[in-house]
Amino acid sequence: MEALRKVTGIAAPMLRINIDTDQIIPALFLGGTDAKGYGANLFHGSRFLADGKPNPEFILNQPPYDKAQVLLADRNFGCGSSRERAPKALREFGFRAILAPSFGGIFFNNCYRNGIIPVELPIEIVRSIAAEVEASGGTSPVTVDVAAQVVTAPSGARYPFAAPATLRQMLMEGMDEIALTLSRGDEITRYREADRTRRPWAY
Amino acid sequence: MNAPAPRTFFDKVWADHVIARLGDDAELLQIDRLVLHELSGSQAVRALAEAGREPVSRGQVFTVIEHLISTEPGRGPTDSVSKSGPIMIETTRKASRDWGFHFIDYDDPRQGIAHVIAPELGIAFPGATLVCCDSHTSTVGGVGALTWGIGASEAEHVLATQTLAQARPKTMRVNFTGRLARGVYAKDMILALIGRIGAQGGIGYATEYAGAAVSALPIEGRLTLCNMSIEFSCKYGFVPPDETTIDYLKGREFSPKGADWDRAVAYWRTLPTDPGATFDREVTVDCDALEPQVTWGISPQQVAPIGASVPDPSQASDSEARQLATRALEYMQLSAGTPLQGIPIDVAYIGSCTNARLSDLRAAAEVLRGRKVKAGIQAVCVPGSTPVKRAAEAEGLDRIFKDAGFEWHESACGFCGHIGSDRFADLRVVSTTNRNFEGRQGPKTRTHLASPATVAASAIAGCIADARGIA
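Taken in order, these protein sequences are the chains called A and E.
Residues 1 to 203 in this note's numbering are what the first sequence spells out, letter by letter.
Residues 1001 to 1471 in this note's numbering are what the second sequence spells out, letter by letter.
Hints are computed from structural coordinates only; laboratory data are not their basis.
Ideal Cβ positions, reconstructed from N, Cα and C, are used throughout, including at glycine.
A portion of the hints provided could be inaccurate.
[To be verified] Calculated lysine-lysine pairs in the DSBU-like style (CA-CA distance at most 35 Å, straight line): (1) A:K6 x E:K1170; (2) E:K1094 x A:K36; (3) A:K67 x E:K1444; (4) A:K36 x E:K1083.
[Claimed, not checked] Below, a sample of chain A positions facing chain E; criterion: calculated Cβ distance under 8 Å: (5) Q23; (6) C79; (7) G105.
[Stated by the list, open to error] Quick list of the computed label-pair ranges, beta carbon to beta carbon: (8) E:S1319 x A:G174: 22 to 32 Å; (9) A:Q62 x E:Q1323: 44 to 54 Å; (10) E:R1281 x A:K6: 45 to 55 Å; (11) A:Q62 x E:R1322: 21 to 31 Å; (12) E:R1269 x A:G52: 52 to 62 Å; (13) A:A147 x E:S1319: 33 to 43 Å; (14) E:Q1333 x A:E57: 15 to 25 Å; (15) E:G1276 x A:D34: 44 to 54 Å; (16) A:E173 x E:G1337: 31 to 41 Å; (17) E:P1218 x A:T189: 52 to 62 Å; (18) A:A3 x E:R1269: 40 to 50 Å; (19) E:A1212 x A:Q62: 31 to 41 Å.
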């Protein structure tokens, strides 16, 4: 997976609950078996007008948010479909961190495998960061330090966050998760030998 | 010696699959079954091959063509409305053959939507871990398995290792007490629950469905219930195994056979939640007074009994619900106070992993028998699997659907998302599916979720209608 230790960048507020993965990337644009090629259609339904031109009212079409690397979101961000093209599209657009009170569970796991850290913070904090960002016309950056597990708002206010230790470590090191699991071959073999006796029908 | 502490079904199944503890927050789990379809499975197999790796346990991998393949009668091997459908179908087909997975192609008599065929073929069984690149994998928990949706990278990991690292969720039990009235179904139970606890109510939980109304449900109804777990953002939903489950699975193609069957059944009977076991959260929904439910908004939590009216956003409980309702009414082109019954529709759709099994088609046919779909309404039925379709045809249900004016399609995910079909745009659809998200069934398409009986009644009336007044 792509490594991430720290990101400092423009933060785009998109404070609406239940932004689902169909909105992040509509089904029409899931085509192909490629690992890349999804960023151009990120938030397609909101980002483009019926004639295909960019919707000037959509935040990610407005400078400086068009260069955003941090997304400020509300509850249940990334709910719905399991499509991994959703974090892929966000990453290709430039996002490396999403701050929200909660995330869809499948999306949460998918983010880590695509170089994005999903950070759970109470909505009051996300709103406060969004207010600071907006007060600066979007130009004041937000820092997400994966190693230190701290978000720094434009004002310098620091907000510690919790993250799953294993996934965080893998993200910081950019580890190959499969290689890591395969290195536990002995434990896996021991488990399966016992399990095959207990539940032979499962194999 | 102290008696062992009482455990939930979830505790037992999870513990039986832990290979190793990874730090404080995750465990490496044995995965008994991986199911892949061409939309996301094709990404996983390609990534695996490009990394120079091979699947480690091919007999535990099942692949099926169902997401992108056309539902049109007479469909060909790569027919798809998606431009990249053929490449995704061919990638899945080739990898399945090269690597020797259990492969169920578009023309296989066992073909169907992954979550419909996993129970139907006995691919899933009680106490199994089963994962698939699809959020509705929770459906399969209806046969007492622990099943959940994953991403393509996680699927690649399962292919390469037959394991998956997961954080252990909290547990919730939903007790559906009482008894369903005639004309009220599992779909109404789950919609009512989501209306109660909200679309975020299940984040971080695994949900056990329990209570008299659940015990009374046949397996197909339990699958409908578990299907929509993810619609309250709960990755895992299940009904622990009982005699209904065991009877259902006996003799299915991939179910254990002979002495294995007897041993398996004895083990499965140890899995239900022990008396006195505790959950992190308990919710009770009384089914005695439950009415058929219909959604009016753009989240499954925006749901009401069919006799109700579109709510007034200004009456919402808080500013967040108010904003959500305002946006919903704008998108849905509805005004507060309009009775749900009587809202004119353009399309009636019966299909999907939620509600397209044989009992669903029977419930709809009971309403449609001897009646006609209102002129100008598109009415489409896509059976959940080819075996469902054939069984329905054997008992003459297809005639009832066609005589009423429904289109009768081949099985696939079809019109549930705007990928299996591109026919719906700027239309109002009453649908047996699971998502009423903005644009889910097509651009500007306004979806009302309901049970098959409600959809059938609405097709006849040309507007949202209560089947209990008809059948």
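Each hint, compared with the structure:
| no. | hint | verdict |
| --- | --- | --- |
| 1 | A:K6 x E:K1170 | holds, 30 Å |
| 2 | E:K1094 x A:K36 | holds, 21 Å |
| 3 | A:K67 x E:K1444 | holds, 29 Å |
| 4 | A:K36 x E:K1083 | holds, 17 Å |
| 5 | Q23 | holds, 7 Å |
| 6 | C79 | holds, 5 Å |
| 7 | G105 | holds, 4 Å |
| 8 | E:S1319 x A:G174: 22 to 32 Å | violated, 41 Å |
| 9 | A:Q62 x E:Q1323: 44 to 54 Å | violated, 21 Å |
| 10 | E:R1281 x A:K6: 45 to 55 Å | violated, 36 Å |
| 11 | A:Q62 x E:R1322: 21 to 31 Å | holds, 26 Å |
| 12 | E:R1269 x A:G52: 52 to 62 Å | holds, 59 Å |
| 13 | A:A147 x E:S1319: 33 to 43 Å | holds, 37 Å |
| 14 | E:Q1333 x A:E57: 15 to 25 Å | holds, 20 Å |
| 15 | E:G1276 x A:D34: 44 to 54 Å | holds, 52 Å |
| 16 | A:E173 x E:G1337: 31 to 41 Å | violated, 57 Å |
| 17 | E:P1218 x A:T189: 52 to 62 Å | violated, 40 Å |
| 18 | A:A3 x E:R1269: 40 to 50 Å | holds, 48 Å |
| 19 | E:A1212 x A:Q62: 31 to 41 Å | violated, 55 Å |
The earlier numbered hints that this structure contradicts are 8, 9, 10, 16, 17, 19.
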